[in-house]
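Student: Listed below are the residues making up each chain.
There are 2 protein chains.
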Amino acid sequence: MTHSELPRTLTPTDRTRLRRFKENASFERADLEAILDAGFVCHLGVIVDGVPMVVPTVYGRDERYLYVHGSVASRSLTGAADDADETICVTVTHVDGLVLARSVFEHGVNYRCAMLYGVPRTLTDDAEKTEALRLITEHTAPGQWDYARRPSRKELAATTVLALSLEEASVKISAGPPDDGDSADAELGLWAGTLPLTTRWGAPTADPVLPASRTAPAHIVARAGTRQG
Amino acid sequence: MTHSELPRTLTPTDRTRLRRFKENASFERADLEAILDAGFVCHLGVIVDGVPMVVPTVYGRDERYLYVHGSVASRSLTGAADDADETICVTVTHVDGLVLARSVFEHGVNYRCAMLYGVPRTLTDDAEKTEALRLITEHTAPGQWDYARRPSRKELAATTVLALSLEEASVKISAGPPDDGDSADAELGLWAGTLPLTTRWGAPTADPVLPASRTAPAHIVARAGTRQG
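Just so you know, the sequences run in chain order A and B.
Residue numbers are given in the numbering used here: position 139 of the first sequence equals residue 251, and the series is strictly consecutive.
Residue numbers are given in the numbering used here: position 45 of the second sequence equals residue 157, and the series is strictly consecutive.
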């Protein structure tokens, strides 16, 4: 299925249908993809011995799947046979700013958040695994797949890669000023507004063991100063 | 128990003892506290209908507990009686940069991450609840507890606040250059190093309904340009 054949809206399930803050829900595939593409790490939720475990990890994606290294979920995968449900949750969050209202109660956060649910598939085919590692690398460190040494056969065998369908997703977006500007609290005469939060890449720092003559490649230098998120 | 009476090291449990990347583990209480204090949102992991759910939310802390609004965990709390284990996981992650190695396999992320596990307690005492809301507010938006209107009795009643002990914690810290500088890959002659990632607060944006004469208070203006994380 090519991208153009994928439905442009996401089908809500009981899990992804928002029960609170319905005004923030989006079921546009484009919003999901934009949030995933703008992200750097996701937070992976797995159940280990009956307890939720939330682990940050890098990821990549194509049109159908999100890919993560299996090692971070290894404790879950190892014990998967014991678990009734192997469904995992992957959350990507961008914090765009703080919403400062007239009352403490109305304070909030502007954010973009995507949550995916599904039973991940462990990749076994070497070509599929290599392509997933390329997607993770190029999402995390664009340009490095062609610059750095690619995984050897041995490294590939040592790496577990999981694919999670993008099909079951919940997308929430909150933006804009506080909404108590027309409430009784507006009479308090307080300042209200937002304080933006921005994440940027800095200048590359060379490994101290490198000779000073070894300068960073253009694709790394070009990222310095750009926004992440 | 005052802070000085708390043990300075954290006692590892089966859950918090690192099974991989042992070199990154810290069991120093000071590291845990520094990571929590530097954070803005946490990712809360709960089990809902047997499935992990990872939700971003703001938080606050004192010397013994981390506090979150219960609403974000409401789906879990509502169904808590059905769940065998009500343990939750709270993860706070700072991404400090990308580690660019000579091989794709050795690429990584410099980060500071704290994971807390425990069965949260729902606060019922109004004074304790108010203090927890003060801590969440002052962690998220320093100065606003004294500036904005504080929660009314009705708002307090409408807010669920959870306290999670800081006792069972896993702290991981990864920093520094790639470690393949003395491997065979060093002979490839590639550049290697790190690309730092920094998050900063921007200039405040006033709610458009405010008159232009209403300027932001000093504690908000002072935050602009400062680093978060």
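To be clear, the hints were calculated from the coordinates, so they are not data collected in a lab.
Misleading hints may appear alongside valid ones.
[Stated by the list, open to error] Here are the simulated DMTMM-like cross-link-like pairs (lysine to aspartate or glutamate), alpha carbons at most 25 Å apart as the crow flies:
1. B/K266 with A/D237
2. A/K241 with A/D294
3. B/K266 with A/E175
4. A/K241 with A/D297
5. A/K266 with A/D237
6. A/K241 with B/E145
7. B/K266 with A/E218
8. A/K266 with B/D297
9. B/K241 with B/E140
Student: Measure nothing beyond the straight line between the CA atoms of A/K241 and A/D297; if it is 25 Å or shorter, mark the hint as holding.
Tutor: 56 Å, violated
Student: Given the hint that A/K241 pairs with B/E145, does the C-alpha gap stay at or below 25 Å?
Tutor: The given pair, whose Cα atoms are some 39 Å apart, is violated under the 25 Å limit.
Student: Against the 25 Å threshold, does the CA-CA distance of A/K266 and A/D237 hold or violate the hint?
Tutor: 14 Å, holds
Student: Does the alpha-carbon distance linking B/K241 and B/E140 stay inside the 25 Å limit?
Tutor: With Cα atoms ~29 Å apart, B/K241 and B/E140 exceed 25 Å; violated.
Student: With a cut-off of 25 Å on the C-alpha distance, tell me whether B/K266 and A/E218 pass.
Tutor: 13 Å, holds
Student: Take the C-alpha atoms of B/K266 and A/E175, compute the straight-line distance between them, and say whether it is at most 25 Å.
Tutor: 47 Å, violated
Student: Starting from A/K241, check that the Cα of A/D294 is at most 25 Å away, please.
Tutor: 54 Å, violated
Student: Given the hinted pair A/K266 and B/D297, is their Cα-Cα distance within 25 Å?
Tutor: 15 Å, holds
Student: Need the status of pair B/K266, A/D237: alpha-carbon distance at most 25 Å?
Tutor: Measuring from Cα to Cα gives roughly 58 Å; hence the hint is violated.
Hints 1, 2, 3, 4, 6, 9 from the list above are not met by this structure, while the remaining hints are.
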